[in-house]
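Trainee: This is what each chain is made of:
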Amino acid sequence: MDRIIHVEKISKSFGDFQALKEVSLDVSAGERVVICGPSGSGKSTLIRCINGLEAHQSGKIEVDGLLLNQSTESLSMVKSKVGMVFQQFNLFPHLTVMENLTLGPIRARKMSKSEADDLAMKYLERVRIPEQANKYPIQLSGGQQQRVAIARSLCMEPKIILFDEPTSALDPEMIKEVLEVMTELANSGMTMICVTHETGFARNVADKMVFMDCGEIIESAEPHKFFTNPDSQRCQEFLDKILHH
Amino acid sequence: MTMQKLLIGISFAILLSGCSGNWGWYVVNPTTEGGIINLKFLLSGLYYTILTSVVAIVISIVIGLIIALPALSKNRFLRGINRFYVEIVRAVPILVLILWVYYGLPQMAGITIDVFWAGVIALALSDSAFEAEIFRAGIQSVDRGQYEASHSISLNYTDTMRFVILPQAIRRVLPALGNQLVYMLKMSSLVSVIGMQELTRKANELVVTEYRPLEVYTVLVLEYLVLILIVSGGVRWLENRMATDK
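Protein chains in written order, with the working numbering: chain A, 8 to 252; chain B, 25 to 270.
So here's chain B without its partners, still in its complex pose (with noise of 0.2 Å):
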């Protein structure tokens, strides 16, 4: 209900403000050809800002447990490597790491990137360790007696984290991650500097068209607020059901 009242009154603002003359709605007008062919172009970088997000999503999570798991040794060693990955990535801005990793990496490594993967890597990489963190701490949560009674009927490190202690923490986290995804929404906008054809990419190069940035940015604020409004009202339909589960 707060999402359609706040809609509504974006629109009328919007509206009025039409009114006064300064702005030029034509851009993005429906009615005509030329506004359907730019909502089109704005609207087709849908596709690479959600691809983007959920692969960089998906594969940040991957990297997230991966470095989880040694925070939870007794080996100083292992935690200190964990502390070192979590304590580093976060340290550099997301723009600076999707720079670094399209323009810097190619030529540190030798090898050729493309603007797609340079981005989704970049994305990943920045967020793995707050994934890390989110599973750190929900594995942490976890009572010592499940380990101890997965002991006590003799089931290896990899099934007790597999079958007992993952499946719980991973229950407790859903609703941190459902975050996540909607941050990383939110950051795929910062890969539009390399030239992902992604929403804001598309935007900025209609206003460069039309010079007319005041029309096509309000277009792409809504695309974005209507996009990450159904995906945490998803999140939260997600948080409520594995409530009721228990």
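Isolated chain A (complex conformation) (with noise of 0.2 Å):
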């Protein structure tokens, strides 16, 4: 398979907090890959990094096969094909939901209102929700706004999407109606990176495992070996305090 992204010896500092230390991350075209471990750990500023949120302050990221760096022409290109789903939806409130899909569409993809508006219904249908199209994201349940979220992204077509803790503001019953549709998505062939602590969705999704703390990767394998028996003491500690509860 294809690499897609290249993390290589990547480091990066809040003042004197240090958030990543030279952490390294290969994904290939397809691939899943959900990164969980305690809060503070460097997983959210990770994926952050690799869609150019965060800038990075020494090592390389690549994208794509483009070189991640602070020059515009570098960020706007690894923007377009990085798609974001953040914890808190960030849907944007003074629009309608169809507003909201398809403004990135109509000025960054240079699409025009019909076309963008067809592109929309597609991936309202997607997630289940066309008939919201024209209500405001204050009307919508915190599960469907996720699902707006997740339509916009997909509205402007990205080879990857990264889900930042995607369903931890959500209501507990609203979470399956979430995770439903990324496991869709998944099986579509989408490459994800999710950053989450819902291990039913880890195990029936994941290609590949990754355990952090203290800013580092202590752990990175299948599921199944991952849940069972992994090498590191203190991912085993992790693992024993979100299973058994």
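Simulated from the structure, these hints should not be mistaken for laboratory data.
Quick caveat, the model's predicted, so the values are computed rather than measured.
Please note that a few of the clues may not be correct.
Claimed, not checked - Heads up, simulated DSS-like pairs for lysine-lysine below, C-alpha to C-alpha not over 30 Å straight-line: (1) LYS16/A x LYS98/B; (2) LYS166/A x LYS16/A; (3) LYS183/A x LYS166/A; (4) LYS117/A x LYS88/A; (5) LYS98/B x LYS88/A; (6) LYS88/A x LYS166/A; (7) LYS64/B x LYS28/A; (8) LYS88/A x LYS28/A; (9) LYS67/A x LYS98/B; (10) LYS117/A x LYS183/A; (11) LYS248/A x LYS16/A; (12) LYS28/A x LYS215/A.
What the hints assert, rightly or not - In silico negatives: residues of chain A with every beta carbon more than 12 Å from chain B: (13) ILE11; (14) GLY22; (15) PRO112; (16) SER119; (17) ALA140; (18) GLY149.
What the hints assert, rightly or not - Just some of the chain B residues that point at chain A, by a computed CB distance under 8 Å: (19) GLU172; (20) ALA173; (21) SER176; (22) LEU179; (23) GLN192; (24) ARG195.
Beta carbons are placed, not taken as given, at the ideal position from N, Cα and C, and that holds for glycine.
These two chains come separately, so use the hints to put the complex back together.
Mentor: Structural data, given as structure tokens:
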């Protein structure tokens, strides 16, 4: 398989706090990677570096063969290939669902409004909420909002989608509908990196599990081995905490 | 309702004191020909008061927005430009700025500038520093996630501001902008000193010919009061409408 993301020894500090310590990660096209770890372990920072939301200070990141640096050109190329879904959805509250979905296609991909509308409708159907097209985000449930956010990301037709704890802000009964959409997306062959503690989803979907702690990747393995027999003590302790509650 | 009570109260006060004999209401008595001429003369100032204020507020909003944007930059130099402008402009009294723009600027720049534009420019400059602060607060109140979402759908800076950040920020600062308009209507009385034919100037001119400052200035007070109560009402209405939209 083709390598689509290549992260090589990247480091990142916020003041005195070192969030990432020479982290390396390779992801192949179509691969589903799930990253877990305690809070503050650098999971979010890692994926935020991959789409340029945070600038890494050393090491290198390549996305689909493009070197990511802070030049506007490189950033905009990488941005167009990488979609992102946030914990807090971050929908645009002053725009309808349809306008949320078509803003990127119209402004960044230079599509006509009717093309963008068709595209948005296609992805709204895929996340199973076409009937909400003309509502405002505040009129939707959390689960619906997150599905709109996924559809908004899909409308940019990215090669990779990053999920930053997509279900952490949701009520329990809404987590399932979002995970279903994500599973469907995974089955369609999308390359995905998900930061999540949803172990059921991880077992079903992930090709590779990554455990991070204190800014480092401690363990990286296929799911069966990862959940049953991890190499590291720290990973085992973490799994004991999240699995036995 | 409070506005009606207020006006009724003021009218009574004026009527009662008018009986004492110290007042000369004939100068603005609408039942006599002379009174009507004087009233029309006073009211004719309304045109420049409103025009000056509206043009000045539009210009000051545009300048305010332009000055607010660098305040949000990560670049210290750009932020410094914003602070410099805001601090300097806020430190100059409006009346002083009006005099300087009308008498000083033409001499310095070798240009001629008419009364209207001198007044408008001085008022707009003076107000722009406050507008800039209002916009800065409004833009900063928009959640960081909105920028990140815009980034993730590949919007550039201009589109992010135009379609995502500013529409939300402006909605939040509308009541504050309305207050600035009220403030501007009041401050526009100061341009009377350079001879702009607005409400206050008209009143001053009438006082000079009629020697009846008490009556004429009372009418002037009422003119501003009614004008500003109407505008305030409009601002409140807009505020309520925006609130129910959500």
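Trainee: Determine for every hint whether it applies to the structure shown.
Mentor: Evaluated hints:
no.: 1; hint: LYS16/A x LYS98/B; result: holds, 27 Å
no.: 2; hint: LYS166/A x LYS16/A; result: holds, 23 Å
no.: 3; hint: LYS183/A x LYS166/A; result: holds, 24 Å
no.: 4; hint: LYS117/A x LYS88/A; result: holds, 16 Å
no.: 5; hint: LYS98/B x LYS88/A; result: holds, 26 Å
no.: 6; hint: LYS88/A x LYS166/A; result: holds, 5 Å
no.: 7; hint: LYS64/B x LYS28/A; result: violated, 79 Å
no.: 8; hint: LYS88/A x LYS28/A; result: holds, 25 Å
no.: 9; hint: LYS67/A x LYS98/B; result: holds, 24 Å
no.: 10; hint: LYS117/A x LYS183/A; result: violated, 35 Å
no.: 11; hint: LYS248/A x LYS16/A; result: holds, 29 Å
no.: 12; hint: LYS28/A x LYS215/A; result: holds, 21 Å
no.: 13; hint: ILE11; result: holds, 17 Å
no.: 14; hint: GLY22; result: holds, 15 Å
no.: 15; hint: PRO112; result: violated, 8 Å
no.: 16; hint: SER119; result: holds, 16 Å
no.: 17; hint: ALA140; result: holds, 17 Å
no.: 18; hint: GLY149; result: holds, 15 Å
no.: 19; hint: GLU172; result: holds, 6 Å
no.: 20; hint: ALA173; result: holds, 4 Å
no.: 21; hint: SER176; result: holds, 4 Å
no.: 22; hint: LEU179; result: holds, 6 Å
no.: 23; hint: GLN192; result: holds, 5 Å
no.: 24; hint: ARG195; result: holds, 7 Å
Against the hints set out earlier in the document, violations occur for numbers 7, 10, 15.
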